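Each chain, letter by letter, is given below.
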Amino acid sequence: MRVAVDREKCCGAGLCVLTAGGVFDQGEEDGLVVLLVAEPPAAEAEDVREAAQGCPCGAITVEETAGQ
Amino acid sequence: MAVPAPQTLTEVPAPRRSGCPFDPAPAYEQARRAEPVSRIRLWDGTWCWLVTRHQDVRTVLRDQRFSADSSRPGFPFLSPGRRVLGTGRTSFIRQDDPEHARLRRMLTADFMVRRTEELRPRIQELADALLDTMTAHGRREADLVPEFALPLPSVVICLLLGVPYADHGFFQRLSSVMLRTASSPAEISAAQDELQAYLADLAGRRRGQPDEGILSRLAAEGELDDEEIASVGRLLLIAGHETTANMTALSVLALLRHPDQLARLRAGGPQEHKAAVEELLRYLTIVQDGVVRLATEDVSLGGTAIAAGEGVLCMLSSANRDEAAFPGEAGLDLGRDARRHLAFGFGVHQCLGQALARVELQVALGTLLSRLPELRLAVPFEEIRFRGDMLVYGVHALPVTW
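Going line by line, the protein sequences match chains L and P.
This note's numbering numbers the first residue of the first sequence as 1 and each following residue consecutively.
This note's numbering numbers the first residue of the second sequence as 1 and each following residue consecutively.
For the record, the hints were derived by calculation from the structure and aren't laboratory data.
This structure is a prediction, so every number in the text was calculated from the model and none was measured.
Glycine residues also receive a C-beta, built at the ideal position from the N, C-alpha and C atoms.
Hints may contain errors.
[Said to hold, decoys possible] Ranges between beta-carbon positions, derived for each pair:
(1) P:PRO259 with L:THR61: 26 to 32 Å
(2) L:THR61 with P:GLU329: 19 to 25 Å
(3) P:GLY303 with L:ALA4: 43 to 49 Å
(4) P:PRO399 with L:ARG7: 32 to 38 Å
(5) L:LEU36 with P:ARG65: 30 to 36 Å
[Stated by the list, open to error] Far from chain L, by Cβ distances over 10 Å, these chain P residues were calculated:
(6) ARG41
(7) PHE170
(8) GLY309
(9) GLY335
[To be verified] Stretch-level coverage of chain L by chain P, calculated; a stretch enters the list once three of its residues show a Cβ under 8 Å from a Cβ in chain P:
(10) 14–20
(11) 28–35
(12) 50–60
Starting from the given sequences, assemble the full structure and let the hints guide the process.
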């Protein structure tokens, strides 16, 4: 799985941090999304998908890669 | 706009069913099942679309072709008072990007998850202090709204903004006027002006004598003038305490009415408490009349053609009861995964303070249940007065004993 975030779209709601805190964080200065892990391990995949689904601004995209 | 055939029109806000104070109005539930994108009649003789499904509400609120800018011609308002609220001095809640994003981003760091988690110990102390006072000298009965549910978030938002909590009687009174559906346009306008003047004056004083609060920081940053800071302050002050306060009291009542769920919550740990708060947010959806938008282009929504210039009301409460998104029984189920609820809205306007609200609710409910194991209603359930008359649902008072 490969994750990408778009800080231009982000509205800083923070749902991704609550849903998959190991993969997403918020910038100290602006509260907008910061991607911690671009290729999260399989154990995190479900939470990352949920975070992408739940993102109110559509700022998270997930690309499923072979083998996961 | 021409009014379409009357048989398709529902009056809004639609009444709840008597005896079912936790459920959305039957009209919204029926609309979701029979005609998920339907027409509704508004008080001023105009009409707009009512969107009731979870997926459709998400689609509208995330689509930038639906504007939140209430100064646009044809923007739908649910009452005369709300037209005043929506056309007077509005803040970024009633603006579109890029202006909305510019203002909101001045505040996103203040309400980010990490920052609100840092506040948890302080919120815990506050919750304990309020319960100490409430239960002092062997007292066994209190109205939970003014003694616990309201002051907790009110003190917190005052602290964050840099507004003196000593003035809470003043701004809580104005906030009540502004949120009462039946308030006249003149009453709302006067309350809005009074709060605006108070906050503009405060912002001006904070320029000379800054504190740690948001108003001082905005003043120091120099991008906004005192009136603009006051508009932002008004939004945060009202949104920051009315919503969590009502959610707290209504949650307590809902739990007391669902003893099996209450027992489950008492037995759970912090993770269960967090999940329970999400389910309560879904089940109660206190922004009871939904959120409005205006189509700026022709859009097809689930096969229904919505034309540019037509209004849309997204019914959050109905979306949160949509079986397609939340399978199983529609009732309160604290074991449910309710994370996709829309109680905070959706899209770029989704509640800025949601992380703070979550921490406040987790602390408030957790503390109350652990410290008052015998908590119960002090009056018959039938005597509880619900806030069907306010923008934000809840109870006017919650007499409890322990």
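Hint-by-hint comparison with the structure:
no.	hint	result
1	P:PRO259 with L:THR61: 26 to 32 Å	44 Å, violated
2	L:THR61 with P:GLU329: 19 to 25 Å	34 Å, violated
3	P:GLY303 with L:ALA4: 43 to 49 Å	32 Å, violated
4	P:PRO399 with L:ARG7: 32 to 38 Å	48 Å, violated
5	L:LEU36 with P:ARG65: 30 to 36 Å	33 Å, holds
6	ARG41	30 Å, holds
7	PHE170	30 Å, holds
8	GLY309	25 Å, holds
9	GLY335	17 Å, holds
10	14–20	holds (count 5)
11	28–35	holds (count 5)
12	50–60	holds (count 6)
Figure legend: structure checked against the earlier numbered hints; hints not met, in rising order: 1, 2, 3 and 4.
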